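2 protein chains.
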Amino acid sequence: MKKKTAYAVAVVGATGAVGKEMISILEERRFPVDTLQLFASSRSAGTNVSFNGQSMTVMALEENSFAGVDIALFSAGASVSREYASSAVNAGAVVIDNSSAFRMDPDIPLVVPEVNPGHLSRHHGIIANPNCSTIQMVCVLKPLHDVARIKRVVVTTFQSVSGTGSDAMAELLEQCKHLLAFQEVKPIVYPHQIAFNVIPHIEDFLPDGYSKEEMKLVNETKKIMGDDSIRIAATAARVPVYVGHAESVNVETDLKMTPEVVRSTLSEFPGIQVFDDPQRKVYPMPLHVAGTDNVFVGRIREDPSIENGFHLWVVADNLRKGAALNAVQIAEKLIDIPES
Amino acid sequence: MKKKTAYAVAVVGATGAVGKEMISILEERRFPVDTLQLFASSRSAGTNVSFNGQSMTVMALEENSFAGVDIALFSAGASVSREYASSAVNAGAVVIDNSSAFRMDPDIPLVVPEVNPGHLSRHHGIIANPNCSTIQMVCVLKPLHDVARIKRVVVTTFQSVSGTGSDAMAELLEQCKHLLAFQEVKPIVYPHQIAFNVIPHIEDFLPDGYSKEEMKLVNETKKIMGDDSIRIAATAARVPVYVGHAESVNVETDLKMTPEVVRSTLSEFPGIQVFDDPQRKVYPMPLHVAGTDNVFVGRIREDPSIENGFHLWVVADNLRKGAALNAVQIAEKLIDIPES
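Line by line, the protein sequences are chains A and B. Note that numbering that gives the first Met the number 0 has the first sequence beginning at 0, numbered continuously upward. Note that numbering that gives the first Met the number 0 has the second sequence beginning at 0, numbered continuously upward.
Hints in this document: simulated from the structure, not taken from any laboratory. A quick note: this is a predicted structure, and the numbers were derived from the prediction, not measured.
For identical chains, the list gives no copy identity; a pair is met inside one copy or between any two copies.
Heads up, simulated DSSO-like pairs for lysine-lysine below, C-alpha to C-alpha not over 30 Å straight-line:
(1) Lys211 <-> Lys280
(2) Lys221 <-> Lys211
(3) Lys280 <-> Lys221
(4) Lys1 <-> Lys19
(5) Lys332 <-> Lys221
(6) Lys185 <-> Lys280
(7) Lys3 <-> Lys19
(8) Lys255 <-> Lys211
(9) Lys255 <-> Lys280
(10) Lys2 <-> Lys19
(11) Lys255 <-> Lys150
(12) Lys332 <-> Lys19
(13) Lys332 <-> Lys1
(14) Lys255 <-> Lys221
(15) Lys332 <-> Lys2
(16) Lys211 <-> Lys185
Next up, chain A with everything else stripped away, as it sits in the complex:
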């Protein structure tokens, strides 16, 4: 990307749960923003959003919205990305897309800056931001893979409702209010009541019984890690938590790694915080991790059921590192890379 002192940035999906985080993270991290343009569907256009103390009006997204834009952060769902990303690229912008639209396209890099920054140089205008549950897992798997080669991962997720969006957060709140008042609950966003329940269903199911969310954990991880030989078995479930995904991750490696080596290896990796002293009630939880930037790892312990195995408990803010922060970090890397 052409080096500038400041960039014209657009956020598509500016009124969504992730879009709002994108705007506040651009501000927090003092991203060199020259102009910021905010887009959403015509339904949400006209909303006012604050950026650097200034009130900005969200505009309806159109084909010609991207004139002069350097970086377009998309987070408005796969169909919006499919419809508008090429207009942005044609207008000269680099698109960082948080949807699933392009993630598995072999010509489009899927990037977690701590894990595979090198893939960025291969982009042709679009860079895909991985799925929330994948990002936090690969951050942890990458340094371990480099040391001991990961053979197999069995992961079960505990995913918060903000991963679905603002409407799901509102649904959890409304359901709790109704239930506490002994009133009936009618699920709208989710297929079943989410309050005081666990739903093992995230995104549509495929004919083999896996959900698309589970297959994202499998396929995106292999692509980001650049290693198809890692075997991954995933189960994804939704829990009544607002923000923060937790993952129970069982890892089998080629070489032996003691819990001490796992801990020290993870501690040295950027963006990871080892939070592991269970005797003192120290382990990562969604509640404490919401609003923070790191991927937290705890409950690190040997798994004696296999030769070289261990367990991890991985928690991150799915809206930040799992989505908006990772996208902004991609933009930061991008403006640091000299144009080839």
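Since the structure of chain A is already known, use the hints to place chain B on it.
Structure of chain B alone, referenced to chain A:
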């Protein structure tokens, strides 16, 4: 046990979450009760509980409470069981103990009636009722082990607060009320806020980093299945759900079992209900399973990451099949077995 037309039954811990279920299950299943005596700590003594339309007063537990009792159902914690179980046995009662006090004692059978009814005949006055999270898992593993021999299980639990007791259920409710009113929350029963959170901490931690709850899943399963060669890796977490434990279970077997064979094998086993049509949003969830007697299994799918592997999603009412119902079923088996 000497055959009678009706039995003198005592419930110890009659005012607890499990004790209350024991009383209602004895009534529902028309257990042949001659007399019912209800015991609790002196703090809870004097409470009135209804049984078969009759109001009964809960009495304070004492050394000599068990005169004439045939069957004593204990659910008042391990220390009460350790203190009073021998008095009950000495008075001629058979104790069915829901605490962890005697579960791993090699001389005391640990029984799930569908799985290892044969172990009942070895008892010397005390029969241990397994831990809630173990019961629902072994019900599912047993028929699969019989067909294809289970080599390894990786399980992650989503456990409801009723597993801790009535005070934990009250804590979840209070925390939700406070949070919805924008008031601060002070955890008492749990080490951290449970409302809108996930806590990967159930019971104390051992020096190797496992919680006692996780080791129960490992050790109790091997004892009940009568096979020490099954390797089990467990992670246990508490979720903000009132009743019903969910378990994500990854199974590796010696012989190949297709999902179809897993489904048909499980369907034929007593006490199991296969609830597995994800495309139609059919999978077990705590919300739908609370108040029911079966162990529900869904999300049955092949795990291509190993040669002979599959995933299961197992949910049961932890107060019923996970505790009170299993105890009453043990009593039912017991009165059916002719005295040797």
